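Residue numbers (UniProt numbering), protein chains in the order written: chain A, 1 to 150; chain B, 1 to 150.
By construction, these hints were calculated from the structure, which means they are not laboratory data.
As the structure is a computational prediction, the values presented were derived from the model and not from experiment.
Built from N, CA and C at the ideal position, the CB exists for glycine as well.
Errors might be hidden in some of the hints.
So the derived list for chain A, only partly shown, Cβ under 10 Å to chain B, looks like this [said to hold, decoys possible]:
1) Val18
2) Leu21
3) Leu45
4) Asp49
5) Gln68
6) Arg77
7) Arg78
8) Gly98
9) Leu99
10) Gln120
11) Leu121
12) Thr122
13) Val125
14) His143
Number of protein chains: 2
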Amino acid sequence: MNDLEIRPASADDLPEIVAMLADDPLGARRESPHDLTPYTAAFELLTRDPQQRLAVAVRENRVVGTLQLTFVPGLSRRGATRAIIEGVRVHADERGSGLGTVLIEWAVEEARRQECLLVQLTSDVSRTDAHRFYERLGFEPSHIGFKLQL
Amino acid sequence: MNDLEIRPASADDLPEIVAMLADDPLGARRESPHDLTPYTAAFELLTRDPQQRLAVAVRENRVVGTLQLTFVPGLSRRGATRAIIEGVRVHADERGSGLGTVLIEWAVEEARRQECLLVQLTSDVSRTDAHRFYERLGFEPSHIGFKLQL
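The shape of chain A in the complex, shown without the other chains:
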């Protein structure tokens, strides 16, 4: 893990982040890496929202990983704030390097700093390798994740 830095994403990182979102069995059908316009608009929204952390992992000036962390206050569980992880990606060149673990551990540490009581995420039922990965990191598959496309 030498020379690896995890830092907030900047607008300059967008092409590399979007390329990683698209280089994925599910992402390939959903993303448009050759038209960054919608991503630039969404990046602006993320930047203005103090509850958002869009992080990148950088090694030797290359973006090799990303995730998004959102802090959600709430009444349940005695007013617990929870952290939600979305959009986890590790560059194809780095898979199996332990970078996924470093990214998730960074997110969990950030969540602790924000005094969250819970970190949660959903993973498509087809991503069985990811499920084993999250269970190894101590996450419990205690819920069903429902989605409704609008």
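Following the hints, put chain B in place on chain A, whose structure we already have.
Same frame as chain A, now just chain B:
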């Protein structure tokens, strides 16, 4: 559904909301309805966060339902904003009345107004009645929901 109103929660609604959170097989172990201090602090956080909607359903001046809706911008899916539903509760007196459907339909309509492309939620694997309910409303159980307690 006569005389039913869905409106933003106010601080005065907190005792009734917390009583509903606690009147639940899982909530009974997690909530402290006789000490509102942590809920009042969390309510302040919700009020200050423009991405949050804490709603109550009110009938004849009684709070009979609640849910929390959070808008989460993001890069995935071409910069889609998603809406996350949490803390859905219907008062014991109102179960089977269709109020749950009204609440979720209100949340979906709010999500459309905010131009969200997706509405999502997680439900504990033990809540099998809730799963059938969400599937009837068009939600797909496409994901596994992982949680890590901090």
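So which hints don't hold here, by number, going up? 8 and 9
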